[in-house]
Amino acid sequence: MRAGPLSDRRVIDLLNRHFVPVYIVNEEYAGKGGSASVEERAALQRVRQEGYAKKLSVGTVHAYVLDPDGHTHDSLHVASALQTSRLLAMLERAVAHFKPRPGSPIVTPARQSTPPPAPANGLVLHLISRSDARDSWGHFPAENWIALRREEWSRLLPRDSANPGQTWELDREVTGRILTYFYPQTENNDARTERIEAHSLTAKVIAVNGDLVTARVDGFVRMSHAFYPGRTAEPLQAEVVGVLTFVPAQPPTLQLVTTRAAHGTRRFNVAVSTVTLDAR
Amino acid sequence: MSAFARTARLLSTAVIVGAVVGTACATGPELWRGPSDVDVVRWVRKTVAERQPTAEERRFDDIGWVTEIRTAVVLGKAHQRPIFLTTGDGRISTGRC
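Residue numbers (my numbering), protein chains in the order written: chain B, 1029 to 1308; chain A, 513 to 609.
Among these hints, one or two may not hold up.
Here are the computed distance ranges between Cβ atoms for each label pair [unchecked claim]:
id: 1; chain 1: A; residue 1: Val550; chain 2: B; residue 2: His1105; range: 27 to 37 angstroms
id: 2; chain 1: A; residue 1: Val550; chain 2: B; residue 2: Ser1108; range: 47 to 57 angstroms
id: 3; chain 1: A; residue 1: Arg554; chain 2: B; residue 2: Arg1129; range: 23 to 33 angstroms
id: 4; chain 1: A; residue 1: Asp551; chain 2: B; residue 2: Arg1129; range: 33 to 43 angstroms
id: 5; chain 1: A; residue 1: Val550; chain 2: B; residue 2: Pro1257; range: 22 to 32 angstroms
id: 6; chain 1: A; residue 1: Glu562; chain 2: B; residue 2: Arg1177; range: 22 to 32 angstroms
id: 7; chain 1: A; residue 1: Ser548; chain 2: B; residue 2: Thr1221; range: 39 to 49 angstroms
id: 8; chain 1: B; residue 1: Asp1188; chain 2: A; residue 2: Asp551; range: 24 to 34 angstroms
id: 9; chain 1: B; residue 1: Thr1221; chain 2: A; residue 2: Arg554; range: 42 to 52 angstroms
I should point out that these hints are in silico values taken from the structure, not numbers from a laboratory. Note that the coordinates shown come from a computational prediction; the quantities given were computed from them, not determined experimentally. The C-beta atom is built at its ideal place from N, Cα and C for all residues, glycine as well.
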């Protein structure tokens, strides 16, 4: 949906001028782990029940039109909604039926992938992963945000003063929390660190300017990752180069990029960077 | 030169040639391990920048979304607009879906 109709200028204009657009994440509405409130879950349940009552298409991955009071009016299964012409037709039918007064977006469009609140004295990393393939998953990159508390980022730094040429291995528990997201866009997003079979990032000081230390980082991760949830995992390997810059006892700046990465036969690229205050 | 000496010389030449070819292959583009220490800061910064999402890849953000059904209903009533609801597995906002 995102790579197709929800990136189409005609759909975007229709949604902004005539609708209140809302997207939800099913996982937040299911089970004990979901963050959606009881009332919010009931609202989704009501949308589905009204869809069934009207003999509309109903399911977990769907596009719905609700009337201005929130009652289910129309729907499309994702396989149909993926076709821009089908989604446009449903939206245009709704505009013709409800005749909303066209105007500016009710909510100002804004970046939807945003960093989490940084823990006190913490560090937030932004990860981009993009597949070389331009299949359904590869049209736009995937993102992750990784927040490290002070006791975590401090384990990336050397225990003693840093001197040119000095090397050390970054704490594996902390680097595992970063490298576990080194996978391309896949339908499965189980990012548990237990998938990692081996990983290591080693830093080497290449410059010291006063208190400011610059170190290059080299390493790798090897793990198993399934493309679809519950399916057989495929081998994944990535080689990594980066730069770690720090002043002792202060949050470091970390940048990592893959030089070679493959999930099965699918090649991909990852970039990690520290979120600066200006960008947040 | 005896036959044994010739054979030994040929073998040692083959080993040297093999080592040179092997080294050449290992430093070829297929096994490039990354930039030198001199270039690493510039190269990593440039590569991170190149891999960021483009405006075209972020068109989803051009839509004025809300992320709760009840909020959408409140706004729908207030502005007399229909509501477009899309439900999906995973996080469409980050592309992990």
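Evaluated hints:
1. A:Val550 with B:His1105: 27 to 37 angstroms: Since the Cβ atoms of Val550 (chain A) and His1105 (chain B) sit about 56 angstroms apart, the hinted range of 27 to 37 angstroms is violated.
2. A:Val550 with B:Ser1108: 47 to 57 angstroms: Since Val550 (chain A) and Ser1108 (chain B) have Cβ atoms about 55 angstroms apart, the given range 47 to 57 angstroms holds.
3. A:Arg554 with B:Arg1129: 23 to 33 angstroms: Once the Cβ atoms are compared, 53 angstroms apart, the range 23 to 33 angstroms for Arg1129 (chain B) and Arg554 (chain A) is violated.
4. A:Asp551 with B:Arg1129: 33 to 43 angstroms: At roughly 58 angstroms between Cβ atoms, Arg1129 (chain B) and Asp551 (chain A) fall outside 33 to 43 angstroms, so the hint is violated.
5. A:Val550 with B:Pro1257: 22 to 32 angstroms: violated (44 angstroms)
6. A:Glu562 with B:Arg1177: 22 to 32 angstroms: Given range 22 to 32 angstroms: holds, Cβ gap about 30 angstroms.
7. A:Ser548 with B:Thr1221: 39 to 49 angstroms: 32 angstroms Cβ-Cβ, so the 39 to 49 angstroms window is violated.
8. B:Asp1188 with A:Asp551: 24 to 34 angstroms: holds (28 angstroms)
9. B:Thr1221 with A:Arg554: 42 to 52 angstroms: Since the Cβ atoms of Thr1221 (chain B) and Arg554 (chain A) sit about 32 angstroms apart, the hinted range of 42 to 52 angstroms is violated.
Comparing the model with each earlier hint shows violations of hints 1, 3, 4, 5, 7, 9; every other hint is respected.
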